[in-house]
Amino acid sequence: MAKKVLIAEDEKVLSKIVANKLKRNDIEVIQAFDGEEAIEKVKKEKPDLMLLDLIMPVKNGFEVLKALKDLGLTKKIKIIVTSNLGQQADKDKAKKLGASDYLIKSEVPVDKLVKIVLDRIK
Amino acid sequence: MFKNLKLKTKLLLFFPVLFLLSFAVVGAVAFINFSRLSDDNILKSDFESVEVRRQQIETFLTDRKGDILLISQLDSLQRLINDSEEEARIITQRSLQQDFLALAKSRQIYDQIRYLDETGQEIVRVDTEGNNSYVVASPQLQNKKDRYYFTDTIKLQSGQLFVSSLDLNIENGEIEIPYQPMLRYSTPVFDNSGTLRGLVIINVQAGYFLKKIHTENQGSLHLLINQDGYYLYHPQPDKTWGFMLETDEGVFKDFPHLADQIISQGKGFLFDEQTQNYVSFATLNLNNIYNKTNILSDNSDDYWIVISLKSKADIIDNYITSTLYEFIAIIIIVFIIVIVIVLTIVRSITKRFNSLQKGIKIIKQGNFDYRLVVDRHDELGEISRDFNDMSIAIQESRSGIDKKVHQQTKDIKQKQKTLEQQQKAVLNVLEDVEDERDKVSIERDKVDAILQSIGDGVFVVDIDLKIIMANQVTADISGYTKEELKGQKYSKFLKFVFEKDNKINDKFVKGAIATGKIKEMANHTLLINRDGDKIPVADSAAPLKDKNGNVIGCVVVFRDVSEERAVDRMKTEFVSLASHQLRTPLTAMRWSIEEIVGGELGKDDSKEYLHDTLEAVIRLSRLVNSLLNISRLETGRININPQPTDLVDLVGDVLKTHAEAAKRQGVALRFNKPKTDLKKIKIDPTLVREVLANLIDNAIKYSRVDKEKRIVKVKMYREGEDIITCVMDNGIGIPKKQQPRIFEKFFRADNASKRQAEGNGLGLYVIFMISKASGGKLWFKSSKEGTSFYFSLPLAGSKKFKGEKGLAGHENK
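For the record, the sequence lines run as chains A and B.
With the first letter of the first sequence counted as 1, position 59 gets the number 59 in the working numbering; the numbers rise by one all the way through.
With the first letter of the second sequence counted as 1, position 497 gets the number 497 in the working numbering; the numbers rise by one all the way through.
Calculated directly from the structure, the hints in this document are not laboratory data.
Backbone N, C-alpha and C fix where the C-beta goes; we use that ideal spot for every residue, glycine too.
Please note that a few of the clues may not be correct.
To be verified - With the Cβ distance kept under 7 Å, some of the chain A side facing chain B (calculated, not the full set):
| hint | residue |
| --- | --- |
| 1 | Glu11 |
| 2 | Val13 |
| 3 | Leu14 |
| 4 | Ile17 |
| 5 | Asn84 |
| 6 | Leu85 |
| 7 | Lys105 |
| 8 | Ser106 |
| 9 | Pro109 |
What the hints assert, rightly or not - To be clear about the criterion: a stretch of chain A counts as covered by chain B if any three or more of its residues have a C-beta under 8 Å from a C-beta of chain B, and this derived list gives those stretches:
| hint | region |
| --- | --- |
| 10 | 18-29 |
| 11 | 53-63 |
What the hints assert, rightly or not - Cut-off 25 Å, straight-line C-alpha distance, at most; resulting in silico cross-link-like pairs (PhoX-like, lysine-lysine):
| hint | chain 1 | residue 1 | chain 2 | residue 2 |
| --- | --- | --- | --- | --- |
| 12 | A | Lys115 | B | Lys603 |
| 13 | B | Lys571 | A | Lys59 |
| 14 | A | Lys12 | B | Lys607 |
Looking at chain A on its own, in the form it has when it is part of the complex:
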């Protein structure tokens, strides 16, 4: 079965680039452009992995994480948090809330990002 990845990212360009790359790697991609949409789509699509941006309108990444945790959905989904912020406090917080990875977008080449995704999704 094809793996499903949910990309929760408000920057359309970034979401597009990653989505295209993942698609080229035979991954089914679902895109959400704000926190609420992200939660809805998780509930609905039940992806295997979620790329979660922290800075999003309506609900931010942490709020999404908490909501999913409360819904008990974080166990089944691998969550990779992406951000352009690098605070250690955020990293710890994300990890505590169930994220498996915390990547800083501007530091990570898109290849590597996709590689990590593919890796985690196995």
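Once you have looked at the hints, place chain B on chain A.
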């Protein structure tokens, strides 16, 4: 000598003497009165009063004799008698009447004065009733030839007198009532030829002399009797006139044994044993008085006797009474005398006492030179003398004391001088101390002032960590008063704790004292104030050293860094947000190019990705410009070049610029130009354009997507001293809760959520700052129907400002 007797002697003498005198006087009086009581004296005085009366009566009778003889000699009478002519007679008659009347009026005692002719006919008659004398008219004249007095008188010779007996007048045959005792004198009258021509007669009211017999003397009885012993006068009227009234009253009845003796003796006095009466009497021998030589007539009295009777008992009563009166009088007089004497004595004594008292008072007041008057040798005199002696003694002792006092005063004065000198020395020292203290105080005040004026909290502890002094800022931050803090161990009220574990942080204080070096307060130190609030504080503790370099305490300086922290936090946040905003397009650029370079993309995709990259670059540079502008605006380095600008044209221009974008998005642009022409206003067009462009851009972006008509309206109008440009969209409006934050840096309200990629959240903040710098205002109104932004500019224009740079992103314009 009398004066020098003692008072008590005087008093002792006084009363006996007084009594003796009184008795003597009383005795004398009694004696005098008593001696008056001897029979002879009584009788003598009594007889004298009798004799006096007798004399009076005799005089009276003699006078009457005179009168009748006078009348008989009257000229008018003579003429009357001698004139034979009728007409002349009438005149002379009248003349005689007048004479009679005159006499009657003069004497007032004649009941009648009459002339009777030889026939006994009354020719002239003057009657007197009471005070009224009048001539009796002819018709009333009577004939009296049968009366005894007529018959008796005509027998007489010329110059001879007939005097009737004293009896009661008979009128018309009856005794006249009231009784009129009457005495008649008459004498015959003869004419020139010696013929008897009648008589003249006067009726004397005997009552006139009878009443003189009466005595007021209570003890005596005065009587008048005639030769027959009948009472002519008696105090009891019904005993009188016995012979007329035919009573048997008379002296022969009352004193039968005396009657003979009295009558025979004629005059004298005796004591009647029988009746215990003193009797005095005197006889009036009428014949002798009238010089009668004729026969004793029945119609005349021969003699009368005046009698006085005094009962012994009455006399004694009299004596006692009069003595009593005299006695009382004496007592009163003596009493008055005694009072006067006593008062005089008392006054004299009182006077002397008073003067003594005055003198003593003077001495009491301290005048020991004063000497009391010693005028007598009695007790008061002795007291005065003693007082004087006392004064002298006091004076002497006083002068002795004075000398001593004088000497001691000298000593004291000397000592006082010494003390004063010492005092001066001490004062000098004190002054110096005061000066030093003042200096210290001034220095302390300086320090205090400095400490108070420092904006930070400063407090000083001693080596035992007790607060010696704390400034007002310390008090304000901690919530305790300076007074409460003073003297307490600082950690009691000033609780410094570590932020992360709330454990007490006293390292800096203890450290400063222990090491003698300044110790910084650890980061994230909090001060828990009185209300329990945690206040972030910072600074340090420095040791206080004495002259020798020993640590004697510690000065702590701290300040409330909450604001600093907040500002730091905001800066950090801003930087975070800014760097995030910067990184996003960078990431887009990088990944796009990575993919392009990676070779997995087709031609079309590559071109697309290149476009994305370009957009990202543009976005990035816009962001950088915004950041630069913010920096320049916040630090006031923006150039403001006001130029006369037509705002209408400017707005039109901006709209034109956005026309294509609007068309692309299906938004209609409307411009309601102002009604009246606006003059050019002096504003910086670059700055204003930025504002307008931003507003219009937003309006286009946020106008309603789902509605058919997407309209952006621009209005411009004048209001007061400003021109207002209003940019309206008909979007969904800004949520009310987020409206206050619209102008915040990086703030995105929910209605903008979908448009993240466009704009950077700094636009409104930038134009807000620009509006302010231009002298205008920026505000908005928003509802579910849309949002309207208002941008006002003053007609007066913007102030020119020479900053350093213009707006970033407009350098090439």
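Going through the hints against the structure:
At its closest, the beta carbon of Glu11/A sits 6 Å from a beta carbon of chain B; the interface hint therefore holds under the 7 Å criterion. The restraint placing Val13/A at the interface with chain B holds, with a minimum CB-CB distance near 4 Å, inside the 7 Å limit. The beta carbon of Leu14/A comes within 6 Å of a beta carbon in chain B, closer than 7 Å, and the hint placing it at the interface holds. Taking 7 Å as the C-beta contact cut-off toward chain B, the hint placing Ile17/A at the interface holds, the least distance being around 5 Å.
Annotation: Asn84/A was flagged as interfacial toward chain B, and the flag holds, the nearest CB pair being 4 Å apart, inside 7 Å. Interface restraint check: Leu85/A against chain B, minimum CB-CB distance 6 Å, threshold 7 Å, status holds. The restraint placing Lys105/A at the interface with chain B holds, with a minimum CB-CB distance near 4 Å, inside the 7 Å limit. Residue-level restraint check for Ser106/A holds (minimum Cβ-Cβ distance to chain B is 4 Å; threshold 7 Å).
Annotation: interface hint on Pro109/A holds; nearest CB of chain B at approximately 6 Å, less than 7 Å. Only residues whose C-beta sits within less than 8 Å of a C-beta in chain B count toward coverage, and the region 18-29 of chain A has 4 of them, enough to reach three; the restraint holds. Note: the region 53-63 of chain A has 3 residues with beta-carbon separation from chain B under 8 Å; the three-residue rule is met and the coverage holds. Of the pairs offered as hints, the one joining Lys115/A and Lys603/B holds, with about 24 Å between alpha carbons and a cut-off of 25 Å not exceeded.
For the hint pairing Lys571/B with Lys59/A, the CA-to-CA distance comes to about 24 Å; that is within 25 Å, so the pair holds. Restraint check: the Cα-Cα separation between Lys12/A and Lys607/B comes to about 17 Å, which is no more than 25 Å; the hinted pair holds.
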